[in-house]
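Here is what each chain is made of, one letter per residue.
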Amino acid sequence: MDYIISIIPQMLLGTVDTLRLFFVTIVLSIPLGVVLALGRVSSFKTLRTCISGYVCLLRGTPLMLQLLFVYYGLPFIPVIGIRLDDFPAAIFAFVLNYAAYFCEIFRAGIQSIPKGQYEAAQTLGMNYVQTMRRIVLPQVLKVILPPVSNETITLVKDTSLIYVLAMNDLLRTTRNLVQRDFNIMPFVVAGVFYLIMTMVLTYMFDKLEKKFSVYD
Amino acid sequence: MKKIDARNIIKNFGNLEVLKGIDLEVNEGEVVAVIGPSGSGKSTLLRCLNKLEIINQGTIIIDGETLVDTDAKGEPKYASGEAATKIICKMGMVFQQFNLFPHMTVLENLIEAPVNVQKRDVAEVTKEAEILLEKVGLSDKRDVYPRKLSGGQQQRVAIARALAMKPDIMLFDEPTSSLDPELTGEVLKTMRNLAEDRMTMVVVTHEMGFAREVATKVMFMADGIVQEQGCPEELFTNPKNERLQAFLQKVLH
Ligand SMILES: Nc1ncnc2c1ncn2[C@@H]1O[C@H](COP(=O)(O)OP(=O)(O)O)[C@@H](O)[C@H]1O
Ligand SMILES: [Mg+2]
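Protein chains in written order, with the numbering used here: chain S, 1 to 216; chain V, 1 to 253.
In short, the hints are calculated from the structure, not lab data.
Listing some non-contacts, in silico: residues in chain S with all C-beta distances to chain V over 10 Å:
no.	residue
1	8
2	27
3	41
4	42
5	68
6	161
7	172
8	176
9	193
Subject to a maximum C-alpha distance of 27 Å in a straight line, what follows is the list of computed BS3-like cross-link-like pairs (lysine-lysine):
no.	chain 1	residue 1	chain 2	residue 2
10	V	148	S	142
11	V	148	V	127
12	S	115	V	51
13	V	166	S	115
14	V	148	S	115
15	S	115	V	77
16	S	211	V	141
17	V	20	S	115
Just so it is clear, CB atoms sit at the ideal spot from N, CA and C, and this is done for glycine as well.
Using the sequences and the hints given, assemble the complete structure.
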């Protein structure tokens with residue numbers, strides 16, 4: 001027990017790095033996903049094709065590979081070749097990857113709204129922005145809540161991939177402790193930490209889903 | 001006073017000619033019933049009137065204001081965005097599938113567009129909406145979500161929602177076709193009351209009883225052409241067009 005208490009401060013420090021990556025990724029990738037989804041359902045064919053290509057590429061290759069490519073590969077690309085620090089590199093890869101997933105979730109959500117809803121709005125004189133904001137998006141929100149919840153929980157666990165960039169996130173901190181102390185207890189504690197984070201998220205999304213189920 | 005003056009409406013979907021030069025004139029207070037076999041272009045005609053479909057050629061004048069006209073080159077020219085919206089708001093539309101907004105209560109459905117499109121005062125619009133709900137017999141449902149209502153109730157809410165915009169004209173596209181038979185009566189009664197209040201109406205319907213008793217004029221469409229039109233008495237008892245005779249044979253017997 002004493003041992004567990006003694007390692008908790010270090011593990012909390014690692015958790016801060018994990019949470020930082022989590023929040024920044026969510027805050028940036030969701031709006032980007034919305035913009036991509038709107039482009040994906042727009043009437044511009046070239047735009048639609050470009051976005052589906054992007055989505056295909058980022059969903060079709062491992063996030064780990066994308067992470068390594070951004071960190072180690074980008075500097076070698078002519079002209080734009082820039083070297084990013086580990087945290088910005090991680091953010092960059094995570095946001096691009098998660099925006100692709102969110103784009104697909106939002107696209108499916110937008111396309112699940114029947115044509116009749118747009119037509120009713122149009123006959124009531126609503127313009128595009130009013131129709132989207134007042135009629136379509138509130139209904140989309142309800143449809144996408146479960147898959148967004150899933151994706152968000154996956155992100156908590158995916159953050160552990162950044163240990164390959166030698167960042168001291170929760171997982172790397174844990175591994176260091178295990179190797180230093182020849183004790184597997186840190187693994188258990190890390191498991192509990194991840195579990196708490198995902199359970200808090202699950203609880204919040206459940207609340208949201210209940211709020212949106214009033215009109216069923 | 002002509003409320004709807006549509007001339008030579010031509011509408012194609014790709015190679016499919018759906019409307020082949022339709023004329024439709026509706027005077028103030030008239031109730032025009034549009035009948036005809038399915039696929040004859042009845043819905044498309046209604047949808048052209050409020051710009052849910054873009055016509056290929058023709059002229060549509062609503063309450064004296066031009067929604068679309070055809071220039072010398074044969075290209076349709078629509079009124080600009082804001083002007084078109086104003087014209088479209090003169091017409092209320094009732095769909096076969098109701099198309100209520102499921103995430104809003106009955107009252108919210110009614111006041112949404114008057115408040116956010118017409119920018120009218122919420123309190124005033126709410127008061128009017130409550131009167132409309134009373135008219136369609138749904139006062140007790142004002143805070144209920146549409147999914148909790150029967151089809152007939154939903155359609156009556158849809159009618160009230162359209163009326164909340166204070167339209168001059170009401171368009172109905174088979175308003176009772178997706179209802180159970182025992183629920184059509186309440187919707188038809190609401191429409192009858194509207195007609196008695198001298199609302200100008202265009203009603204696409206398979207309810208021949210309604211067309212016969214309520215309409216001032218009946219229009220029979222087939223193959224994208226108005227085959228015959230006239231007062232209901234004449235048209236139902238003494239049809240001249242062969243296709244109309246065959247159609248009436250089928251639906252009345
Ligand atoms: N959006 C569309 N795209 C292609 N064809 C359509 C479209 N809407 C209607 N049609 C076709 O136009 C014809 C007339 O349809 P419609 O106006 O719905 O007939 P009605 O209401 O008299 O049954 C049908 O053949 C239908 O398949
Ligand atoms: Mg139809």
